[in-house]
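Sequence lines, in order, name chains D, X and E. The first sequence runs contiguously to residue 521 in numbering that gives the first Met the number 0. The second sequence runs contiguously to residue 374 in numbering that gives the first Met the number 0. The third sequence runs contiguously to residue 356 in numbering that gives the first Met the number 0.
In case anyone wonders, no lab produced these hints; they're calculated from the structure. Ideal placement from N, C-alpha and C gives every residue a C-beta, glycine not left out. Hints may contain errors.
[What the hints assert, rightly or not] Using 16 Å as the maximum straight-line C-alpha spacing, the simulated EDC-like pairs for lysine to aspartate or glutamate come out as follows:
id, chain 1, residue 1, chain 2, residue 2
1, X, Lys232, D, Asp349
2, X, Lys339, E, Glu87
3, E, Lys46, E, Glu75
4, X, Lys173, E, Asp186
5, X, Lys232, D, Glu347
6, X, Lys307, D, Glu347
7, X, Lys339, E, Asp58
8, X, Lys19, D, Glu347
[Unchecked claim] According to the in silico footprint, chain E covers these stretches of chain X (three or more CB under 8 Å from chain E):
id, segment
9, 113 to 127
10, 290 to 299
11, 323 to 336
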Amino acid sequence: MPLLELREITKVFPGVLANDRVSMRLERGEIVALLGENGAGKSTLMNVVYGLLTADGGEVLVDDAPVKIKSPRHAIDLGIGMVHQHFMLVEPLTVTENIVLGREPGRLGVIDFATARERVREISERYGLRVDPDAKIIDLSVGMQQRVEILKALYQGARVLILDEPTAVLTPQEVTELFTVVRSLVDEGLSAVFITHKLEEVVAIADRILVMRDGKVVGETTPAATDEIGLARMMVGRDVVLRIEKGASKRGATVLEVEDIHVDDDRGLEAVKGISFSVSGGEILAIAGVDGNGQRELVESIVGLRRPKGGRIELKGNDITHANARASIEAGVSHIPEDRHRRGLVLEFDIAENIILGDHRTPPVARNGIMHPKAITEVARKRIADYDIRTPSERVDAENLSGGNQQKVVVAREIGRNPELLVAAQPTRGLDVGAIEFVHRQIIRERDAGKAVLLVSLELEEVLSLADRILVIYEGRIVKEFAVADADAETLGYYMTGGGGSKIDKDAIPGTPETPATGGDE
Amino acid sequence: MSAAAEDRSTNRDWAAIAQKVGTPFASVLLAILIGSLIMWVSGYDPIAAYAALFQGSFGTPKAFGDTLLKSTPLILAGLGLAYGFRANLFNIGAEGQLFMGGLAAGWLGLVLAGQPWYVALPLLLLAAMLAGAAWAFIPAILKARIGAHEVITTMMFTYIARYFVSYLVIGPLKSPGQIPQTGLLPPESQLPRIQSLFSDATLQAMPFLKMGRAHMGILVAIVAAVIVWWVLKYTTLGYENRAVGYNPWAAETGGISVQWTTVKALCISGSLAGLAGAVEVMGVHHRLFDQFSSGFGFTGIAVALLAKNHPIAVIPAALLFGALSAGAGTMQLMADVPQKIILIVQALVIFFVAAEGIVTYFVKQRQKEATSNVG
Amino acid sequence: MNSKTIRVLSVLLALVLLVAFVPGCAKKTDTGTGTSDGTTPPKSTVKAAMVTDVGGLGDKSFNDGAYSGLQRAEKELGVEIKVLESKEITDYESNIDQLATAGFSPIFAVGFLMTDTVSKMATAFPDTQFGGVDEFFDPVPANVVGLNFKEEEGSYLAGVVAGLATKDSFDSKLNSDNVIGFVGGMDIPLIQKFEAGFIAGAKSVNPDVKVISLYAGNFTDQAKGKELGYSLIEQKADVIYAAAGQVGLGTVEACKDKGALFIGVDVDQYETVANSGDVMLTSMIKRVDNAVFETIKAVVDGSFPGGTIKVFGLAEEGVGLAPYHDFESKVPQAIKDAVEKARTDIIAGTITVPTAP
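Next up, chain D with everything else stripped away, as it sits in the complex (with noise of 0.2 Å):
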């Protein structure tokens, strides 16, 4: 007897029918894993089962009785939890007091914080949940944060435990963890529903496997009964690779040169404390790390929408040091920003405005100050062309594409400036495996064409493929080189976490001459 069934569930949003007669089952003590790109309608289903939102169609059955669920709550009360992609924790609040909200034992408004205290220490106990109860959620990494929600619906009384994305803000060691945890509360009988799009997750964890595509459900699998490849193939609907495959390196003369380079964030804090590394035509170096470790802030710097309070960064022996965006651009610098909604594109202009950004002050598009629509068309239509991006026409506005065609303009315009350097930031980012697929693709065809790449990301995955080099950056320091080649993902995440402590250790530096951490090797 299935613990939870759909049953050709169908939910329509204006001018998209997100699901479409989707039908699945969880039995007790399993964990199926929900597969599908952005936008394939993974979410909007578990909603409709959380009680966010309200089906067109179909029917949900828990214990084998058709319910209407109204509300989260409602939800709750049927011994469903879900553990969003953005927690909804109190954050001065404690763990405890998170946990109990909303569920508060005690009476007539009086909260009895020692029961309280007690049952969460033995339900964090009985699934080998450790988390201080009275530590306050602010001082808590991403990763216990996770935990307290996990904990929160398991308080709740929850027997189906969705985990939407869960892994999406976690580090590798975290994610290991997390997948540990959920596998012991599956052991003590709970069910699991598994949102993602990142295929070795679902191969590591699901007992089973649903892959959605479109609003509908394409295929079920097993892990056993597929591969990587094989999943992604049923997700997009095409042969993807994964792992582009990529030639040696043919490395030219140095392009970028950072020198001791110190940089202040928002907050007047220094963020990032004294990096040198350079960069050569024809290699892409990458900078892992976890967020927030400083690589805003030194992207910013090189790009020019940031002044280094100290170093000096020169491209091709010019100083760049303090030159501002437009000089940057001017000096050959393209700049894939890691937020393509803030800084990558104006959402209210067309696809044609969008991707003459940052050109539009030069020949052809412009003359004297005069905008040449006929060229702009023309430039638009040949990026549009080159880069693949699906739209009618030109004049679409940038807010009406998908994420991955409008990833797909900023590329086409960062690229097609023909720069001498790229800084690629977090290129990726919530993109999904076919567009992630071309991405890496320009940017391997960036470094073919002898150009240098600075690529900056939180996917070791990515790094992995598609680096040359690789720095560890930890709290505003690089701790950690590497030559793609003796890099692995559980040494990266063990340096991105500190694992290297914070200063730069020479001798733990593999001795290979060819990569020096600074200065150019000619």
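For chain D, the structure is supplied; the task is to place chains X and E on it using the hints.
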């Protein structure tokens, strides 16, 4: 790109245009309807009232001339506001820049007495633009450098401008006599009335040219609208203005200086407001006094809103407000409806235009939520 | 928000608007023609009209004053009347134009800002008669009469009241220092007439009185008016007369704060300045209504004084003092008698009031 896809996109373009034009129209219609309701409840005949209103604003060449007369400063002030809004700047102090423009024209016109019109007119208009721009420059610098909000600073500068003009027409610039005002501008510094450009015979043959008080300022305003439209659409200046208005972060990433663009936008906005002041002084009053503007800088806000910040749409939007104002007298005379009713209709138009913005905002939020739920 | 919510909201909105606006304009239904009582007035073919300045009707000042003169003419002389309100300065000309085209004559224009317009329209409509309230024409067109006032005569009476009150102690705000004050808007001849009359009146009944005059430099800065009021009160003034437009409103505040009596100007400011009863001794009023009524009467009688500036003084009931209101019972009969005597003397010509200090 297939032909079918092309078709779809043009259809969508048309739908978008229809939506853009439709909502302001609906706002105006709704305002007029509720206005009738109010008249009806108050015991007036709405049909007679609107008939009189139309008669007094478009019914005769002279009435149309009055509508043009009243629309002229509104077009220019509305353009200034719209240009600022396009850079996400709310130049609420256009009235102050308008006063400085009027001052520049009223003063320089006297100084340039004796110069031929082809020297005086361009110089006066240019001086007014510079004065308006200069008056916006300090708030602009404050905004760019220390982030002082332009709504506060331009408003404060409006007070300074008004008191400054008051002081000048009472003191140093006052012409002899009891009334605090400057002397009359020489004819060469006045914008001529449209009908004065034609011979009596021509006017006889084409009576529609007898547009009473309408003056050449309307031409200045229309040319300004076309130029602003062209600048926004076809120059890097306008492109950067719009980019900064929509998304300053992306603009900055694209190498656009947000601060400098802000300064330019406010100064251009101010120069258009200054022009509004100049045409009023040069075309209507022919002299400066401290009440020469009836809050055109503020009505310009409503004009820009109704026009959805489109420079060409500013013209019909200003004509609407001009017509409401021009027809009010006839409405009082023929239908006995107090002039305050017109103020209510104007307020309703503004209200619904603003309300439409609010509703659109919520609908957009809702759509965003919906799409983000499609996981 | 779904479409249903939007619909409900818009209906609510419409209701709110109705409730908010309808009472406001329902009150205005009496604007326009039509007699209010049942008495049948004498018939006349004269059609009199007025154009308000941008203040419009309801300003409790000259616009309303002129309108009540018009209404009186309608009732007593049987003339047809019409008011056009102006919202903008550019309305002046079109409103006058329309009234003249519709055959109205005389047409009254309120406020000096309409001087240019009236001159121009007088040329355009030579057969129409115009009355310019507070307007100064130079020269005066043949079909225009300027309606001006002998503010110095009214101010003289105000001076008499102030000069006697400061010696008296009928109110606790009065002191024994024998000082009174004057606040002027701008130091121009028009305002100096007020000052001169006020001083002459005060000295006539109290030769030792000290009169301190201060000018604000404008007619709008209320803060300045308050400051000047404080300054006068610090210098022991206990009765202050202000001829300074809105500046005077600040002076009223100062009088309320620091305890002094106030004499208003132009209209009965007891009626127009809220919560001023405890300091508002009286006001020097300009009877715009009388000036308008007398002019219409002259038109009806065929004696329109075109081409002249008609100056209305005490004799023509063009200026005067407002009632004492809250001070009616406190003000000693001696003061009231002195005011009455000054009035008759001025009318008789035994007193000539100076127009410059």
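Does the alpha-carbon distance linking X:Lys339 and E:Glu87 stay inside the 16 Å limit?
-> holds, 12 Å
Sort out whether E:Asp58 lies within 16 Å of X:Lys339, counting only the CA atoms.
-> holds, 13 Å
Annotated coverage of the segment 323 to 336 of chain X by chain E, confirmed only when three residues or more have a Cβ within 8 Å | Our answer is that it holds, as 8 residues pass the Cβ test (under 8 Å) against chain E, meeting three.
Take the C-alpha atoms of X:Lys232 and D:Asp349, compute the straight-line distance between them, and say whether it is at most 16 Å.
-> Holds. X:Lys232 to D:Asp349 sits at ~13 Å (cutoff 16 Å).
Would you check the hint for X:Lys173 and E:Asp186, treating anything up to 16 Å between C-alpha atoms as holding?
-> holds, 14 Å
Under the criterion that the straight-line Cα-Cα distance not exceed 16 Å, is the pair X:Lys307, D:Glu347 satisfied?
-> holds, 14 Å
Does D:Glu347 lie within 16 Å of X:Lys232 when you go C-alpha to C-alpha?
-> holds, 14 Å
Is the Cα-Cα distance between E:Lys46 and E:Glu75 16 Å or less?
-> Roughly 14 Å between the alpha carbons, so the hint for E:Lys46 and E:Glu75 holds.
Given pair status - D:Glu347, X:Lys19, alpha carbons within 16 Å = holds, 14 Å
Given coverage of the segment 290 to 299 of chain X by chain E, checked by CB-CB distance under 8 Å (3 or more) = Answer holds; 3 residues pass the 8 Å Cβ test.
Taking 8 Å as the C-beta cutoff, is the stated coverage of the segment 113 to 127 of chain X by chain E satisfied by three or more residues?
-> violated (count 0)
Hint 9 from the earlier list is the only one contradicted by this structure; the remaining hints agree with it.
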